[in-house]
Amino acid sequence: MSDFKIHHREGEGVNVLELKGYLDAHTAPDLENAFQQLLNEKRYRIVVNFKDLSYISSAGLGVFMAYIEDVRKNKGDIKLTNMTPKVYNVFDLLGFPILYEIYKDEKEAIGKFKDGKKQ
Amino acid sequence: MRLPVIPTPNQVVRKSSSDILPLFEFSNVVNSSLDLNFILSTVLLTVMGKMLVSKGLVMLRKEKGDFEVIAKKGLEQVSIGQRLQIERPLRTIAPVEKLMRKKMAWVDYFASLGQELIIPISSQRKVLGLIAIGSRLSQKQYTSGDKQLIQSLVNLSGAAIEKAVIIDQLKEVNRTLDHKYQELNTLFDLSKEFNIGLDVSKVVRLITFALLGQVGVHRYAICLRNGEDLQIIASKLEGEVNISTSLKALCDLRKAELIQDLLKQRKLREPAVALHQLGISALIPMHLQNQTKGLIMLGPRLRGGEYSPVDLEFLYSLGNLAIISIENARLFRDALEKQRLEDELKIAREIQQGLLPEKLPTIRGFEIAGINIPSFQVGGDYYDVIEHSESDYVVAIGDVSGKGTPAALLMAGVQAVLRTIAPLHLPLPIATGRMNDLICMNTHGGKFITFFWGNLETESRQFHYVNAGHNPPMLIRKDGSVEKLEKGGLILGIMKSIAPYEEGMCHIEPGDVLMMYTDGVSEAMNRDNVDFSEEALERVAKGARNSSAREIIATIRAALEVHTEGSPQSDDITMLVLKSV
Chain W
1 MSDFKIHHRE GEGVNVLELK GYLDAHTAPD LENAFQQLLN EKRYRIVVNF
51 KDLSYISSAG LGVFMAYIED VRKNKGDIKL TNMTPKVYNV FDLLGFPILY
101 EIYKDEKEAI GKFKDGKKQ
Chain E
120 MRLPVIPTPN QVVRKSSSDI LPLFEFSNVV NSSLDLNFIL STVLLTVMGK
170 MLVSKGLVML RKEKGDFEVI AKKGLEQVSI GQRLQIERPL RTIAPVEKLM
220 RKKMAWVDYF ASLGQELIIP ISSQRKVLGL IAIGSRLSQK QYTSGDKQLI
270 QSLVNLSGAA IEKAVIIDQL KEVNRTLDHK YQELNTLFDL SKEFNIGLDV
320 SKVVRLITFA LLGQVGVHRY AICLRNGEDL QIIASKLEGE VNISTSLKAL
370 CDLRKAELIQ DLLKQRKLRE PAVALHQLGI SALIPMHLQN QTKGLIMLGP
420 RLRGGEYSPV DLEFLYSLGN LAIISIENAR LFRDALEKQR LEDELKIARE
470 IQQGLLPEKL PTIRGFEIAG INIPSFQVGG DYYDVIEHSE SDYVVAIGDV
520 SGKGTPAALL MAGVQAVLRT IAPLHLPLPI ATGRMNDLIC MNTHGGKFIT
570 FFWGNLETES RQFHYVNAGH NPPMLIRKDG SVEKLEKGGL ILGIMKSIAP
620 YEEGMCHIEP GDVLMMYTDG VSEAMNRDNV DFSEEALERV AKGARNSSAR
670 EIIATIRAAL EVHTEGSPQS DDITMLVLKS V
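First to last, the protein sequences are chains W and E. Using my numbering, the first residue of the first sequence is number 1, and each one after it goes up by one. Using my numbering, the first residue of the second sequence is number 120, and each one after it goes up by one.
Everything labelled a hint here was simulated from the structure, so no lab data went into it. There's no promise every hint is true.
Keeping only pairs whose Cα atoms sit at most 25 Å apart, straight-line, the calculated SDA-like set for lysine to any residue is [as the list claims (entries may be wrong)]:
hint, chain 1, residue 1, chain 2, residue 2
1, E, 217, E, 265
2, W, 86, E, 295
3, E, 355, W, 96
4, W, 104, E, 422
5, E, 174, E, 255
One side only, chain E facing chain W, incomplete, derived with CB under 10 Å [said to hold, decoys possible]:
hint, residue
6, 305
7, 313
8, 321
9, 331
10, 333
11, 334
12, 383
13, 421
Just the calculated beta-carbon pair ranges, DEER-fashion [as the list claims (entries may be wrong)]:
hint, chain 1, residue 1, chain 2, residue 2, range
14, W, 105, E, 379, 34 to 44 Å
15, E, 288, W, 98, 21 to 31 Å
16, W, 11, E, 285, 22 to 32 Å
Note that CB positions come from ideal geometry on N, CA and C, so glycine has one too.
Take the sequences, apply the hints, and build the full model.
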């Protein structure tokens, strides 16, 4: 069935999750576990790179909604980057751009975290 | 913004061919764009620049007589998106002053903004909108030449505006379609997943994700209804929903509703206020076969705006899809539970059957027959016959409290104790006391056994017995008189023996029948919950006393069947009949 992979890497105090494949109701729990793990380890600076994500469903978007509050409460954020037009369209359609920071490029998002740190 | 240079009115009047070029340029600029806002701003600025005016606005006609402000210059009191009802829009350019005399109510709006001239925007005789401009900085009146120029400028852009409006509408339609497609995808995505997973908590989690993602909320709660029982199974509200006051009253919604609409209904106002205070904006009932099986409560949408009727319709579909899966998951779980119970009962039945004697011994001068018919739930009935010697036998019958495996296991314990103690040939009262103490040590709380046992010496026909709280066996004499064997003491397993058990003794003469039974016989119920009764049992047994032990049991069974009329057996039925021949 649908194939979905998450690769986690960390650098400069920011956690990057690279998503690959299909994120739908079937695979949403995987992403949920990944977020839960980061929260358990008190890692709240999260960048999600969508470069290799080919599809996202509403249930997939819901996972971001389910965790953003906890992350922001702990002075962190989930920033989204490198979306393909198809994936961005779904985010846009459901009004997510006003709720999340979305960047073209991963470096830019990481940079935003670093800017915040200086202040 | 690059504005084309427009000839002055006098130049237009002269119709010099070289002066027409800037008009072409203007036309090219507006016609080469599909961006409605750009086109309208360009037209407005061009008109204002040409006439040297500092205030002006553009409105577009939305549905029917509704005009909406799209662009404005120098008018701080006006906001983009503001709407105005204009019943019969103008077809030609007209000064506000002249329109005021015609007493058209909507003109006041423009007069109050200091606007002097209103120019309709039209294409192929269809009014698309209007432009209004204020007074000229030079304070000069607009001449008919000015008006002609303005109208031509606006006319030149009419087709471009119409094209851009249509493209905007198409974009909107496309977006609506995309949105619908996304909604359908969500339902499809979930239903695919629901067919695989059959676990209530997983279904609820996926529904939650879909809700959060599709409508964008943080605050929500999901409540399930099972009969009259309401249960919150997921909640991310700041506070607790009062189930009895709020939810019960709101369970019978026929469709998804906004809390603000419920607040207007007298009957539902009170419960709705409580939910409103918890930050709930919309309620979505989950229906299955015309029954409300649950309720989804949603907080406000994070991206702003109320839930639209289309949103509510989607949420209602989502809820109904979810409840089918939740119900299926529940039924599946119930079926598993039932299967587990049945397996356990099967084990209990096997234990019980294994404990009952397979074959009763042949006792010289006596007949003995026993029967045990376990009920569906398996009680803890037990009987036994132990042969000490050819002339010395022990008969026993007991009923363990409770049902199922625990009762069967306790019964196994009783059998072990009985089989250990019986060969010791202790006097029955002492042996019974020991049995009680042993059982007390091994049972914990609320478990007990009613027990009757006796020692038969076949040569003297003496029968010594102790009855520990069991239904008194009936000794039916040949002449039809009945004695009940009641002597003994407390039931087994309640507390350690304090007072010794009492022993009873009788002789069982030829033709006498000792009928031992459990309460499953005397309390067998018919459809109206009426017991078979001890009296009836005595009557039937007495009537059959001249038959063989086996036949007596068969006769009583037949009488029981007549009484119960096929209603389900609620307790084990056990009988042990000893007859002297």
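Tested hints:
no.	hint	verdict
1	217/E - 265/E	holds, 17 Å
2	86/W - 295/E	holds, 16 Å
3	355/E - 96/W	holds, 20 Å
4	104/W - 422/E	holds, 22 Å
5	174/E - 255/E	holds, 9 Å
6	305	holds, 4 Å
7	313	holds, 8 Å
8	321	holds, 8 Å
9	331	holds, 4 Å
10	333	holds, 4 Å
11	334	holds, 8 Å
12	383	violated, 27 Å
13	421	holds, 6 Å
14	105/W - 379/E: 34 to 44 Å	holds, 43 Å
15	288/E - 98/W: 21 to 31 Å	holds, 24 Å
16	11/W - 285/E: 22 to 32 Å	violated, 50 Å
The structure is inconsistent with the numbered hints 12, 16, although it conforms to all the rest.
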